[in-house]
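Colleague: I would like the entire structure built from these sequences, with the hints used as guidance.
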Amino acid sequence: AVVTTEKGSFEIQFLPQYAPISVGSFCYLAQLNFFKGLVFHRVVPGFVIQTGDPTGTGWGGAEYQITSEFSPLNFDIGFVGMASAGKDTEGSQWFVMQGNYPHLDGRYSIFGKIKTGIETVFNTGQTDKILKLQLKY
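Numbering (the numbering used here), first residue to last: 910 to 1046.
Just so you know, these hints were derived from the structure itself, not from any lab. Any given hint could be a false lead.
[Unchecked claim] DSBU-like mimics (lysine-lysine), calculated; alpha carbons at most 35 Å apart, straight line:
(1) Lys1024 with Lys916
(2) Lys996 with Lys1045
(3) Lys945 with Lys1045
(4) Lys1022 with Lys996
(5) Lys1022 with Lys916
(6) Lys916 with Lys1041
(7) Lys1024 with Lys945
(8) Lys1041 with Lys996
(9) Lys1041 with Lys1022
(10) Lys1024 with Lys1041
(11) Lys945 with Lys916
(12) Lys1038 with Lys996
(13) Lys1038 with Lys1022
(14) Lys1038 with Lys1024
(15) Lys996 with Lys945
(16) Lys945 with Lys1022
(17) Lys1024 with Lys996
(18) Lys945 with Lys1038
(19) Lys1045 with Lys916
(20) Lys945 with Lys1041
(21) Lys1022 with Lys1045
(22) Lys996 with Lys916
(23) Lys1038 with Lys916
(24) Lys1024 with Lys1045
[As the list claims (entries may be wrong)] Label-pair distances were calculated between CB atoms; the ranges are:
(25) Asn983 with Lys945: 28 to 36 Å
(26) Asn1009 with Tyr1046: 25 to 33 Å
(27) Gln1035 with Pro981: 26 to 34 Å
(28) Gln940 with Asn1009: 17 to 25 Å
(29) Pro981 with Lys945: 28 to 36 Å
(30) Lys945 with Gly967: 15 to 23 Å
(31) Phe979 with Tyr937: 19 to 27 Å
(32) Asp1014 with Pro925: 15 to 23 Å
Just so it is clear, CB atoms sit at the ideal spot from N, CA and C, and this is done for glycine as well.
Modeller: As structure tokens, then:
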């Protein structure tokens, strides 16, 4: 998927072998243009950028939840994970790592990694918007 923001673009390479449900849900929402216009409501420099909440508060999301898919992968720079409020509460919120944080390993679903455009991930600020999210086949 290519994510175009106000600061540039980045490409997510999906990892369906580790998180098929998360990848499927993300693609379903992308096909509905769910992410277009959403802000990065949580930006913690050196840690994470997070989006996927239509309310922009961090408390909203899709009207459904999916199963957690924990994997042996590590939450290092450029990995993409599903935000969660606990086991099996993932929905539409997702984040991209700006640092290596082993304390997240095994606690959140990793469904992708940044293939190109990591500099855009680091330049993204609070309330920057997703202008377009295009799936690549």
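Colleague: Now, for every hint given, state plainly whether the structure supports it.
Modeller: How the hints compare with the structure:
{"no.": "1", "hint": "Lys1024 with Lys916", "in the structure": "holds (17 Å)"}
{"no.": "2", "hint": "Lys996 with Lys1045", "in the structure": "holds (29 Å)"}
{"no.": "3", "hint": "Lys945 with Lys1045", "in the structure": "holds (16 Å)"}
{"no.": "4", "hint": "Lys1022 with Lys996", "in the structure": "holds (22 Å)"}
{"no.": "5", "hint": "Lys1022 with Lys916", "in the structure": "holds (19 Å)"}
{"no.": "6", "hint": "Lys916 with Lys1041", "in the structure": "holds (12 Å)"}
{"no.": "7", "hint": "Lys1024 with Lys945", "in the structure": "holds (20 Å)"}
{"no.": "8", "hint": "Lys1041 with Lys996", "in the structure": "holds (30 Å)"}
{"no.": "9", "hint": "Lys1041 with Lys1022", "in the structure": "holds (18 Å)"}
{"no.": "10", "hint": "Lys1024 with Lys1041", "in the structure": "holds (17 Å)"}
{"no.": "11", "hint": "Lys945 with Lys916", "in the structure": "holds (15 Å)"}
{"no.": "12", "hint": "Lys1038 with Lys996", "in the structure": "holds (28 Å)"}
{"no.": "13", "hint": "Lys1038 with Lys1022", "in the structure": "holds (20 Å)"}
{"no.": "14", "hint": "Lys1038 with Lys1024", "in the structure": "holds (20 Å)"}
{"no.": "15", "hint": "Lys996 with Lys945", "in the structure": "holds (27 Å)"}
{"no.": "16", "hint": "Lys945 with Lys1022", "in the structure": "holds (20 Å)"}
{"no.": "17", "hint": "Lys1024 with Lys996", "in the structure": "holds (28 Å)"}
{"no.": "18", "hint": "Lys945 with Lys1038", "in the structure": "holds (8 Å)"}
{"no.": "19", "hint": "Lys1045 with Lys916", "in the structure": "holds (20 Å)"}
{"no.": "20", "hint": "Lys945 with Lys1041", "in the structure": "holds (5 Å)"}
{"no.": "21", "hint": "Lys1022 with Lys1045", "in the structure": "holds (14 Å)"}
{"no.": "22", "hint": "Lys996 with Lys916", "in the structure": "holds (33 Å)"}
{"no.": "23", "hint": "Lys1038 with Lys916", "in the structure": "holds (9 Å)"}
{"no.": "24", "hint": "Lys1024 with Lys1045", "in the structure": "holds (12 Å)"}
{"no.": "25", "hint": "Asn983 with Lys945: 28 to 36 Å", "in the structure": "holds (31 Å)"}
{"no.": "26", "hint": "Asn1009 with Tyr1046: 25 to 33 Å", "in the structure": "holds (31 Å)"}
{"no.": "27", "hint": "Gln1035 with Pro981: 26 to 34 Å", "in the structure": "holds (32 Å)"}
{"no.": "28", "hint": "Gln940 with Asn1009: 17 to 25 Å", "in the structure": "violated (32 Å)"}
{"no.": "29", "hint": "Pro981 with Lys945: 28 to 36 Å", "in the structure": "holds (33 Å)"}
{"no.": "30", "hint": "Lys945 with Gly967: 15 to 23 Å", "in the structure": "holds (19 Å)"}
{"no.": "31", "hint": "Phe979 with Tyr937: 19 to 27 Å", "in the structure": "holds (21 Å)"}
{"no.": "32", "hint": "Asp1014 with Pro925: 15 to 23 Å", "in the structure": "holds (19 Å)"}
When each numbered hint is compared with the structure, a violation occurs for hint 28 only.
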